[in-house]
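Next come the chains, spelled out residue by residue.
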Amino acid sequence: MLRFGTKSEFMREMELDDIFLSRLQLLVIMAKAYLNQYPLGEYRQRSILENAALVQIDAAGLAEEASARETDEPDSGSLDYDPVFYQRIKLLTVMAEAFAKGHALEDHKQEALAHNLESICEAITFRKKLSEMQFLKVA
Amino acid sequence: MREVAIIANVKIAVIDEDVVVRDFVVSTLMYSVNRNILAFDNGFDAWIHFEESGFPDVVVADVNLQEIDGLTLTSRIKKIQPKTIVALFSDAPQNEIAAREHGADVFMAKPFGVNDLFNLIQTFVVEPEPPGDDAADA
Chain A
2 MLRFGTKSEF MREMELDDIF LSRLQLLVIM AKAYLNQYPL GEYRQRSILE
52 NAALVQIDAA GLAEEASARE TDEPDSGSLD YDPVFYQRIK LLTVMAEAFA
102 KGHALEDHKQ EALAHNLESI CEAITFRKKL SEMQFLKVA
Chain B
820 MREVAIIANV KIAVIDEDVV VRDFVVSTLM YSVNRNILAF DNGFDAWIHF
870 EESGFPDVVV ADVNLQEIDG LTLTSRIKKI QPKTIVALFS DAPQNEIAAR
920 EHGADVFMAK PFGVNDLFNL IQTFVVEPEP PGDDAADA
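Which chain is which? The protein sequence lines are A and B, in order.
First residue of the first sequence? That's 2 in my numbering, and the numbers climb one at a time after it.
First residue of the second sequence? That's 820 in my numbering, and the numbers climb one at a time after it.
Bound conformation, chain A alone (with noise of 0.2 Å):
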């Protein structure tokens, strides 16, 4: 038997946090995928869609406590980035959208997106490369 995920001592159970920086994870994989021209599919496009709209939620939620973090209201325990992290995301799924609907960016566009990405990594961590996911470049 394979084990994957967290070690013994600290499993617990997954906290709406978790979804959350999973699910960017997993739209920054696919903006990635887009740019480096991995075919994309109708399942694929659904399911850019489905996380987009998703992280833009929950991202706009965090956005209002980040900023309110930032007045004088108490820490609430929560995701502890600052406001333009969330703007950054927003725009990320407002790029995800178009390229899922099949509307092509243009090569600024494109850049815009991959110095968002950067960004955006910059604050979260990978431990896998685009290039190991070989199933990624089967439509």
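Keep in mind that a hint or two might mislead.
To be verified - Coverage of chain B stretches by chain A, computed from C-beta distances (three or more under 8 Å per stretch; other residues unrestricted):
no.	region
1	919-932
2	936-949
Said to hold, decoys possible - Derived contacts from chain B toward chain A, CB cut-off under 8 Å, selection only:
no.	residue
3	I825
4	V839
5	H868
Claimed, not checked - Here are the in silico distance ranges between beta carbons for each label pair:
no.	chain 1	residue 1	chain 2	residue 2	range
6	B	L857	A	L36	27 to 37 Å
7	B	A827	A	H109	13 to 23 Å
8	A	E16	B	D864	25 to 35 Å
9	A	M2	B	E870	19 to 29 Å
Hints in this document: simulated from the structure, not taken from any laboratory.
Remember, predicted model here, so these are calculated numbers, not experimental data.
Backbone N, C-alpha and C define an ideal beta-carbon position, used for all residues, glycine too.
Keeping the supplied structure of chain A fixed, place chain B upon it in accordance with the hints.
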């Protein structure tokens, strides 16, 4: 280099009563394989579907499920369709041993992420290279 292939028309089912986790797993797997993913919120509905419509290639299920739990479901699936890959996930360390004893192929310890689901696909859904490809690539 050999072209990558995945199991043709791969059929994957996800079973979890927690809709937030279930939807995340479904999104990730749907994107990975570009196929529809079956989703159920309890073990009984999943089992009935499998009996009526055939067993999936891969089942990803929580250990804690209503009516038929993940461990029982694994035993039932393996008895009738041993080729079906079963991945069980849980937040309780003691369920790892139980999952092994019931015949699960993978135990996914919560919290898990995108990389763990990608590993699952890479291991069980990507077609293995035919013998001799190493020599051809060398």
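The hints, checked one at a time:
For the region 919-932 of chain B, the stated coverage by chain A is satisfied: 11 residues place a CB nearer than 8 Å to a CB of that chain, which reaches the threshold of 3. Coverage of a stretch by a chain is defined here by at least three residues with a beta carbon nearer than 8 Å to that chain's beta carbons; for the region 936-949 of chain B and chain A the count is 8, and the condition holds. A least Cβ separation of about 5 Å between B/I825 and chain A falls short of the 8 Å threshold, and the interface hint therefore holds. Here the hint on B/V839 is kept, as its CB sits about 5 Å from the closest CB of chain A, short of 8 Å.
At its closest, the beta carbon of B/H868 sits 19 Å from a beta carbon of chain A; the interface hint therefore is violated under the 8 Å criterion. Range check, B/L857 to A/L36: about 31 Å between beta-carbon atoms, so the 27 to 37 Å window is met. With their beta carbons about 40 Å apart, B/A827 and A/H109 fall outside the hinted range of 13 to 23 Å. For A/E16 and B/D864, the hinted distance range of 25 to 35 Å is satisfied, since their beta carbons lie about 26 Å from each other.
Between A/M2 and B/E870 the beta carbons are some 25 Å apart, a value that agrees with the proposed interval 19 to 29 Å.
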